[in-house]
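Residues per chain are reported as follows:
There are 2 protein chains.
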Amino acid sequence: MDEKIYTLTDKIDNDLINNNLNESEKDELVKSLKVLLPSDAIALAQINPVSGDVKGNALKAFEWIKWAQKLELDAIVFPEMYLIGYPIGDFIDRFPVIVEENWEWLRALAANVHGKTKVIIGFVEFNKAKKGKKYFNSVAVLADGQVKNVVRKSLLPNYAEFNDYRHFEPAEVDSKNRIIQTGGNKAGIIVCEDGWNDFDFFDKNLYGVDPVKEVVNEQQPDYLLNCSSSITRAKKEQLKHNMLSFAAKKYATPIVYVNQVGSNECLSFEGASRVYDKNGNLCAMAKSYAEQFFIVSPSNGGKIYPLPNGLEKTLNSQKAFTLDHEPDLERTYLTIVQTIRDYFKKTGFKRAVLGLSGGLDSTVSAVLLADAIGAENVFGISMPSKITSAESKNDARELARNLGINFSEISIKDMYDSTRSKFDEVFTSVEKHWDCRYKECFTNDNIQARSRALILWGVANEFQSCLPIATSDKSELYMGYATINGDMSGGFAPLADVSKTKLFALARWLNKNREQKNAIPEAVIAKRPGAELAINPKTGKPLLAEEALMPYEFLDEVIWRVENLQQTIGDMMQAEFLHEKHLKENGTPLCREQKSEWLKKFFRRMSTSLYKWAIMPPSPIVDARSINKAEYRHPIIASKINYDKTTYEAKLKELRQ
Amino acid sequence: MDEKIYTLTDKIDNDLINNNLNESEKDELVKSLKVLLPSDAIALAQINPVSGDVKGNALKAFEWIKWAQKLELDAIVFPEMYLIGYPIGDFIDRFPVIVEENWEWLRALAANVHGKTKVIIGFVEFNKAKKGKKYFNSVAVLADGQVKNVVRKSLLPNYAEFNDYRHFEPAEVDSKNRIIQTGGNKAGIIVCEDGWNDFDFFDKNLYGVDPVKEVVNEQQPDYLLNCSSSITRAKKEQLKHNMLSFAAKKYATPIVYVNQVGSNECLSFEGASRVYDKNGNLCAMAKSYAEQFFIVSPSNGGKIYPLPNGLEKTLNSQKAFTLDHEPDLERTYLTIVQTIRDYFKKTGFKRAVLGLSGGLDSTVSAVLLADAIGAENVFGISMPSKITSAESKNDARELARNLGINFSEISIKDMYDSTRSKFDEVFTSVEKHWDCRYKECFTNDNIQARSRALILWGVANEFQSCLPIATSDKSELYMGYATINGDMSGGFAPLADVSKTKLFALARWLNKNREQKNAIPEAVIAKRPGAELAINPKTGKPLLAEEALMPYEFLDEVIWRVENLQQTIGDMMQAEFLHEKHLKENGTPLCREQKSEWLKKFFRRMSTSLYKWAIMPPSPIVDARSINKAEYRHPIIASKINYDKTTYEAKLKELRQ
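Chains X and C are the protein sequences, given in the same order. So the numbering used here is basically just the index in the first sequence, starting at one, shifted up by 12. So the numbering used here is basically just the index in the second sequence, starting at one, shifted up by 12.
Simulated from the structure, these hints should not be mistaken for lab results. In this text, all values refer to a predicted model and were calculated from it rather than measured experimentally. Where a beta carbon is used, it is the ideal one built from N, C-alpha and C, also for glycine. There is no bait here: all hints are sound.
Below, in silico cross-link-like pairs of lysine-lysine (DSS-like), each with a Cα-Cα straight-line distance of 25 Å or less:
| no. | chain 1 | residue 1 | chain 2 | residue 2 |
| --- | --- | --- | --- | --- |
| 1 | C | 262 | X | 143 |
| 2 | C | 145 | C | 188 |
| 3 | X | 67 | C | 612 |
Which residues of chain X face chain C? A few of them, derived with a C-beta cut under 8 Å, are:
| no. | residue |
| --- | --- |
| 4 | 355 |
| 5 | 420 |
| 6 | 431 |
Computed far set for chain X versus chain C, every beta-carbon distance over 12 Å:
| no. | residue |
| --- | --- |
| 7 | 255 |
| 8 | 294 |
| 9 | 311 |
| 10 | 540 |
| 11 | 547 |
| 12 | 555 |
| 13 | 558 |
All chains, please: the whole structure from these sequences, using the hints.
Here it is as structure tokens:
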């Protein structure tokens with residue numbers, strides 16, 4: 013297809029989404045586009061549904077279907093579970109009325125489908141059999157005013173963020189039933205995970221059946237049509253690309269892949285719907301992080317929109333830990349911004365308030381919030397205590413000015429003093445009954461963090477549609493280096509899946525790549541992180557995080573090894589860390605005792621932080637693996653896990669004799 | 013078996029658990045017991061594992077196995093997944109080292125099993141095949157120094173609190189492999205859910221296969237041996253009893269059922285291991301809520317320990333909503349007390365601090381805490397504001413005195429005043445930039461709730477091993493009538509699955525049934541609930557919860573209908589509520605407008621409370637269904653769900669034409 017078509021389809025995108033053409037302009041556009049389209053054009057409806065808003069999703073589908081009909085396309089294809097919204101979680105078990113509703117709306121859509129254009133759309137289907145789960149995860153084919161055919165998903169993922177098998181009955185692969193005619197082409201319908209079980213591509217397969225293989229071998233379709241709702245994660249884009257390309261080439265069959273876009277709480281969908289030709293070449297790709305009415309030709313592909321740098325770069329594999337976060341920063345930025353924006357939009361919140369400490373976490377949070385919901389809707393409050401340095405206050409103020417967000421400075425010294433004197437009264441009273449009072453503890457540190465959260469929640473109580481923001485990052489959460497009802501507290505936590513070293517890189521990237529350059533004061537990025545809640549008696553200066561924990565370069569590699577390689581303490585003692593390499597190069601090698609101590613500290617602190625993870629507010633999943641509740645189920649009482657297999661061997665040996 | 017045996021087995025229990033016999037006393041006990049035992053005696057190891065503490069669980073098993081060997085029993089049987097602990101969640105995916113460890117300890121146990129006594133024990137097995145999930149949920153048979161046989165679970169529950177299919181590969185039912193010889197009997201091994209799919213007993217089956225049927229029909233075992241880890245919930249005991257009894261009778265085959273005891277975070281296991289004879293009669297039952305080395309004879313049953321009233325009474329079905337919570341109160345009490353106790357023990361906390369308002373929630377929480385961890389380990393702090401009545405202060409003080417818990421009264425008036433004046437400064441500053449300030453809002457209410465939580469967390473920071481307690485109840489959580497960082501905040505929330513009407517009944521029950529009668533001041537139970545955070549301008553008195561929400565009698569029935577009947581607003585408009593019946597009897601019938609308004613309010617408030625549920629601290633699952641995170645996955649962004657199907661029909665009709 014040529015440039016002319018794309019200019020016109022872009023126009024459709026804009027006019028669909030913004031609805032800013034009058035009727036005669038619409039007719040004009042359709043007329044000029046129709047003559048240019050290839051004979052087998054179909055539309056991929058890369059669209060942002062709202063979970064549970066069945067009516068809203070259906071009415072939006074109506075609009076998009078009308079365009080497809082006017083253009084006399086062969087078909088328009090919506091993502092997996094579009095009509096009910098994905099994820100819908102246990103709502104369908106507890107409120108089956110929404111499944112009834114999605115069935116009613118499906119029939120209403122069908123009643124309006126006539127003529128050439130077929131509609132292929134994901135929904136939730138009741139399973140009426142006596143045996144099996146209550147529902148199927150299905151894709152309906154609408155034509156001639158009816159629901160003509162239903163294709164049921166066979167492979168039901170149930171790991172990480174996936175819970176398909178929880179709600180759905182897996183269907184036998186009925187390859188004949190998966191074939192539908194779009195114009196002159198025979199399409200084989202694949203539902204998301206059904207396309208992720210190639211026996212040659214993967215070393216280990218989760219399922220015993222490969223629906224792609226069965227459909228291709230038994231039915232010889234002209235192309236495969238994969239309806240997906242597949243989230244973006246670090247390194248996943250590369251895997252997906254390789255796998256789809258591999259399958260298209262292996263079977264010499266084009267693959268058309270349509271994906272949801274938009275974010276739903278923790279899950280972010282990047283769109284990037286696409287076509288692979290029969291040689292496995294990526295020959296058409298929709299935008300990332302935007303809705304699109306994307307017209308492609310299964311036989312001839314379509315246009316490749318420029319990939320965002322993030323996606324392009326993550327096509328390169330990352331097999332070892334690296335501090336070079338660069339390839340994933342654009343994707344990280346776009347994912348978090350989309351997730352904040354959609355969380356606010358879909359829950360009805362409009363404004364955010366956060367504490368600005370002049371530190372990295374709150375600074376990057378403020379930038380992302382400003383870009384997601386608009387600077388005018390963000391309120392940053394600098395809340396210095398007596399420990400807060402003049403530099404920190406200035407950095408907070410300068411950042412707010414640069415971003416154009418609202419800003420106040422409110423000292424918490426008096427709040428601290430009055431709480432502290434109240435605490436003296438409380439503790440004196442408690443001490444009459446209880447022993448074991450700590451000699452050194454975090455009480456004073458936490459008064460500061462909690463006084464700040466108290467102010468933020470006060471603002472949220474007093475001003476409409478306002479949500480306080482928790483600023484904790486992933487490295488700190490692993491260490492439990494975050495205060496309950498303090499910096500951990502908020503309605504949303506944008507950075508909970510971003511490690512500290514990545515956060516530094518992201519800050520630099522933002523300064524270079526946002527329209528407004530260098531919004532983040534250089535001092536924020538240059539200084540070493542610290543909570544500014546306590547003084548280090550050894551230095552007389554505010555305690556640095558790395559003094560309280562361990563070097564972030566080391567910590568982040570431990571996290572990376574735990575999440576990606578499932579390593580034990582023993583495994584890690586044997587591996588060379590990047591931090592060790594750097595120290596060696598500097599002539600100050602890390603001794604094994606120190607390394608062992610840090611590793612033990614990591615696992616000890618992680619174990620005692622599990623209860624904090626359980627009460628973290630919602631946050632976006634960004635990394636390849638996360639500690640997000642939507643993905644990771646970790647019983648808090650499992651606090652005695654032995655993360656080092658070397659330590660049980662003596663007792664075992666004794667008992668074996 | 014006669015009384016003499018039971019006296020002796022009780023002694024074993026005590027001595028196993030408390031380890032208070034010397035070696036010669038042990039020998040004496042064994043000798044006197046051995047002559048009395050039937051020839052086919054086996055021990056059911058009703059035991060409380062710690063998730064992830066593989067070494068601890070294994071060493072405990074060693075002790076119990078030794079007793080079985082000394083007594084020359086045919087077998088000793090441990091619960092499902094005993095060795096690794098259930099639930100273990102995603103730890104086995106992220107830290108496969110603990111699965112390795114459970115395999116190593118299994119072999120160490122096996123190395124010590126010789127002679128007559130076989131050991132049957134649950135563990136997690138690696139799946140080494142290329143296809144399928146990483147693990148099996150398996151039961152090992154240990155004999156002759158080896159792992160003789162492994163039986164793999166076939167039916168993998170994945171609803172509510174269950175996540176089996178998430179981690180385990182379902183195994184084909186290999187009926188021959190499920191048969192093992194214990195002494196002269198052929199036992200057919202069933203793993204928990206494998207026994208919950210009878211095609212005749214259930215109207216709808218989750219799975220297509222019934223392992224019980226296959227094992228009985230193909231192998232004719234002398235008895236079925238079900239290894240379980242099955243939690244207690246309202247009404248589940250009755251279902252379990254009916255189902256096991258039904259199957260034993262249907263197949264004319266005794267069923268021996270061993271269950272885990274103890275609590276793990278949200279999940280409580282009641283034990284109550286048992287034997288059904290071939291006529292379906294319950295003929296032996298172990299204690300509830302206590303570990304027990306329970307000796308039974310598969311052919312002759314054993315003794316029925318008296319059922320706790322709670323369990324006995326819940327054998328009666330409850331098909332309509334009732335305010336008669338009586339039948340479930342003992343079970344509720346025992347479940348929550350065990351869950352608190354085990355949560356503290358397994359996480360290492362020893363003491364609890366909570367605010368005592370003189371209201372029902374904090375009062376009942378204090379009683380349960382005192383019974384779970386000891387009165388000396390509980391600290392109640394009365395924290396009056398200017399709204400708090402003298403009665404409330406007295407009630408709090410009297411309760412503490414009755415229970416013998418530690419007590420202080422600390423006024424928060426000055427904290428309130430200083431925070432309030434700080435807020436004035438903050439809001440004046442915010443108002444310069446932002447409009448839409450609320451005219452009436454909860455800011456002042458919440459200052460009080462959050463000041464109290466600030467004090468509780470301060471105590472937890474300052475005194476070792478101390479956890480603050482959140483006191484919110486189920487009815488309030490549904491309504492979002494709870495303050496973030498206030499009464500919702502804590503390390504554990506004992507009442508989060510207890511509705512308000514049940515809580516009243518529980519308070520009366522505690523006064524009647526605890527060793528110390530009437531510990532709860534009558535005034536606490538007699539007064540109508542209110543948070544004492546705001547004044548009702550209409551009455552000039554503190555605002556009552558029912559004035560802010562709706563009558564609890566009505567509210568709790570809505571919750572019951574949502575959780576148990578999955579009803580819509582339309583369904584509920586057609587049903588007669590108990591509250592309506594009572595009003596009618598009083599001559600003041602409820603008008604439909606009021607009913608409709610309450611129902612809409614319920615669903616509106618529920619939808620906007622989802623984000624609060626997501627950050628609730630851990631709490632016990634008690635009811636038939638709950639909003640506990642371990643069981644209920646509710647994407648927060650699904651805020652536009654239509655809970656009333658009547659409202660979309662007009663638009664649908666239009667589109668169908």
